[in-house]
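Go ahead and model the full structure; you've got the sequences and the hints to work with.
Chains as they are written, first to last, in the working numbering: chain A, 1 to 421; chain B, 422 to 728; chain C, 729 to 926.
Worth flagging that the hints you see were computed from the coordinates, not collected in a lab.
Worth double-checking, as some hints may not be accurate.
One side of the interface only, derived from the structure: several residues of chain B facing chain A at Cβ under 7 Å [as the list claims (entries may be wrong)]:
id	residue
1	ARG476
2	HIS534
3	GLY550
Using C-beta positions, here's what the derived DEER-type ranges look like [claimed, not checked]:
id	chain 1	residue 1	chain 2	residue 2	range
4	B	SER538	A	VAL120	38 to 44 Å
5	B	GLY600	A	PRO177	40 to 46 Å
6	A	ALA382	C	LEU886	52 to 58 Å
7	B	ASP629	A	ARG242	42 to 48 Å
8	A	ARG336	B	ASP629	32 to 38 Å
9	A	ARG102	B	MET650	49 to 55 Å
10	A	GLU181	B	PRO686	24 to 30 Å
11	C	LYS831	B	SER627	25 to 31 Å
12	B	MET650	C	LEU823	40 to 46 Å
13	A	GLU384	C	LYS831	56 to 62 Å
Being a predicted model, the structure only gives us computed values, none of them experimental.
Where is the CB? At the ideal position from N, CA and C, for every residue including glycine.
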Amino acid sequence: MTSYLIRGARILGGEPADLLIRDGRIAEPGGAADETIDGTGLVALPGLVDLHTHLREPGREDAETVETGSRAAALGGYTAVCAMANTSPVADTAGVVEQVWRLGREAGLVDVQPIGAVTVGLAGERLAELGAMATSAATVRIFSDDGQCVADPRLMRRALEYVKAFDGVIAQHAEEPRLTEGAQMHEGEVSTRLGLTGWPAVAEEAIIARDVLLAEHVGSRLHVCHVSTAGSVEVLRHAKARGVRVTAEVTPHHLLLTDELAASYDPVYKVNPPLRTAADVQALREALVEGVIDIVATDHAPHAVEDKECEWAYARPGMLGLETALPIVLSVLGERWELIADRMSRTPARIAGLDGHGGSLAVGDPANVTLVDPAARRQVDAAELASRSRNTPYAGMTLPGRIVATFLRGEATVLDGKAVK
Amino acid sequence: MIRHLLSAADLDAETATLILDTAAEMAALAGREVKKLPTLRGRTVVNLFYEDSTRTRISFEAAAKRLSADVINFSAKGSSVSKGESLKDTALTLQAMGADAVVIRHPASGAPHRLSSWVDGSVVNAGDGTHEHPTQALLDAYTMRARLGRLDGLNVAIVGDVLHSRVARSNVLLLSTLGANVTLVGPPTLIPVDIAAALSKTTRVSYDLDSVLPDADVVMMLRVQTERMQDSYFPSAREYARRYGLDVPRMRKLPEHAIVMHPGPMNRGMEIAPEVADSPRSTIVEQVANGVSARMAVLYLLLGGKA
Amino acid sequence: MAYSQAAHPPSTALPDVPASEKVILSAADIQRVVDRIAHQILEKTSGATGTVLLGIPTRGVPLARRLAARIHAFEGIDVPVGALDITLYRDDLRLQATRAIGKTELPGGGIDGRRVILVDDVLYSGRTVRAALDALNDVGRPSSVQLAVLVDRGHRQLPIRADYVGKNIPTALAEKVRVRLAECDGGTDEVKLLGRTA
Ligand SMILES: [Zn+2]
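Next up, the structure:
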């Protein structure tokens, strides 16, 4: 196994130091290495962990595969991603989650941790075999019907309770479906002007409020996917103050983009939950810094060209995220490396129960490492992305930060900004 | 020079007035025996209709033909459009045909915007989803001006399902640009709370039709679809008609000179009583004739010069 | 919106170089010319009987009104005056940005069976007059059509000539004739020849 000596990188933004990667772990600096990397000006972070990735395999391999998505993840500085269950077939059995897990191992670019569906076929009617998925080779811990909300309160309550047996967590896509029938974008001034059916903030906030109360009632863990409104932040703040075991994520796009972008009617800006107002963006940023929102998760959602090059109402919701997440968070938070490491690596790894990820780059830790050049600026070119899809809303934007190298358990997956395999 | 007419917001006061003035000249020409002008000879106008709307299609077709343009009707029924061809592929076909203008009616809001990014010709929005219908607003403004002599300072009440109405959106934008005072009237479920902020700061909202009528110069009744009842926007057709329908007693509350408009097709007995629709105040028949003149003016504006 | 009011065809925009300017007709000249045409009309039409003056917008309209006023002053005869916009009949619409269309106003009694005298400021390629004849054809059936112009600058592209000409001005293609009339341009009347200095 190749050993690497990274000279003079700023570990978690600290003073320049040497970092030795040997035999898959962080080693005591000193002695020779097979490869030396000049780390001057670079920052070393624990490999990023994404709690919310759509890899589309099985079913929509024309949009993304486990392999192409893994490569996009590695190029984005990730060493682990949690693959959402809304594939075709749905990842609602041990068989499907093991298939995804195996494909991830074969690709070998990031750890692919499958998420299992909460309900059979995401239909929201009866529980999937959560225990079987938990005890499968994929050792599923996060369950989610993402794309759909577990809207039935009784079913949600049962799911929250049931997964306690294997320390599972339910990741809820919070969207009251009766309030979002036909919804196309955030309900507000812009939707009124554009004549697009609104997706009201309250449809998210009402579900989060209900679910934190349920989680409190049954003493279970709840994770809230892609929080998008200022009101949701208030609900979460309140719940956390009461000691509810709830964690929450925000996506890079909800930290940067607003509903005004829909005015072009270009569905590259169509996403679920929708882009919100500038006031929401501001509240989400503050909540992320404060810790009311625990992590950044990409909701990387690749879509084939024909699903985006069409009328807004007919387009599928979702945006690419893996390859641009760190640059966006960097532009939003600035060079607060400890904070970034916590929100993009340490806490997501803890929520997902991914041992070996989200460490502090201490000697002896598994060498899951990301090297970033914060001074570099890069213009996003959709054609250059490793994802099989092109639906990035950031095309043409110039963003700070370039991922120079990524190591998965000591193995380089990205070197000099390029995927190794 | 505007290239497309996608929204009434594309028109500033000067341009909108110019279109209305041009429409007036077109109307004068239409009154004469010779109804065909050589103006757009050699130009191709495609009517691309994804929704059945015979009246709007015929109106555009008549407008284009009176200006001697070649007209191609590309309707959703019985063409590749209904066989699932994407809007983009259709756009590329129209592009290859050399369409100088595409008049598009589509059930999805924003479809004309999308189309305009895929074709070189001018795109005219003939109604998109619940978004806009700018030529309807132009013909309505034309009708008001023709009947009442001005638009500036006019009090216009637009009554009904504003939430789902492309006619209302375009009218609010255009009338505000031209200095009219617009009041939107209907049940709160059918009037977005942020409509004034979204469209025009001067727009007022009222939930009480009776209080608005005595000051109205124009009352425009919107079509209310009975399906809205199933979605609980209002309890019943009877209650709707009672609270927001324009019947004879309500019409008597209007000033002497006030006119009653409706973009059609009407639900007689629902939003408008038959006696009102057929009264001398009603401009419903004129609106149809004015539609051709307004659309001639728009086509001339977009196609009458250098491409 | 860029609307061009330019009344004349192939008007190649003058490049941005120092231009020469020459006054060809002063206000007093224009008055004399209008008087002369009025007299000629009276002569050639046996006292302007059965005659209608139709000005081509923009500047043909005030010229037609002036002619009618002079005819009235000389002989006490009221000649009906109207306006005939030809924009929608032009064959050169595609050469420039969309033009605003002008007003067409026919005098009471119409033009059927009458002698129509078209009035314009400058006769150049003849295309405006051709368009006017088409437009005329759509609004009625005059017994005959004549043409009166303030200035004939030559360079005809069609077999058209004027019956009444205020002044013939030999011009080069690159030159431009600019007519100003108080009614539409303000200030004083004037016809200028604009050209490039050598
Ligand atoms: Zn989701």
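Verification of the hints:
The restraint placing B/ARG476 at the interface with chain A is violated, with a minimum CB-CB distance near 21 Å, outside the 7 Å limit. Checking B/HIS534 against chain A by beta carbon gives a least distance of about 4 Å; that is within 7 Å, so the hint holds. For the restraint placing B/GLY550 at the interface with chain A, the shortest Cβ-Cβ distance is roughly 6 Å, inside the 7 Å limit, so the hint holds. Between B/SER538 and A/VAL120 the C-beta distance comes to about 42 Å, which sits within the given range of 38 to 44 Å.
The given range of 40 to 46 Å is respected by B/GLY600 and A/PRO177, whose C-beta atoms sit roughly 44 Å from each other. Here the CB-CB span from A/ALA382 to C/LEU886 is close to 55 Å, well matched to the stated 52 to 58 Å. Checking the proposed 42 to 48 Å range against B/ASP629 and A/ARG242 shows it holds: the Cβ atoms sit about 44 Å from each other. Range check, A/ARG336 to B/ASP629: Cβ separation about 54 Å, and the 32 to 38 Å hint is violated.
A/ARG102 and B/MET650 have their C-beta atoms about 53 Å apart, which keeps the hinted 49 to 55 Å range intact. For the hinted restraint 24 to 30 Å between A/GLU181 and B/PRO686, the CB-CB distance of approximately 26 Å keeps it satisfied. In this structure the hint that C/LYS831 and B/SER627 lie 25 to 31 Å apart at CB is violated, the actual value being about 40 Å. The hinted window of 40 to 46 Å between B/MET650 and C/LEU823 is violated, with their beta carbons roughly 56 Å apart.
Between A/GLU384 and C/LYS831 the beta carbons are some 59 Å apart, a value that agrees with the proposed interval 56 to 62 Å.
This entry does not satisfy hints 1, 8, 11, 12, going by the numbered hints stated previously.
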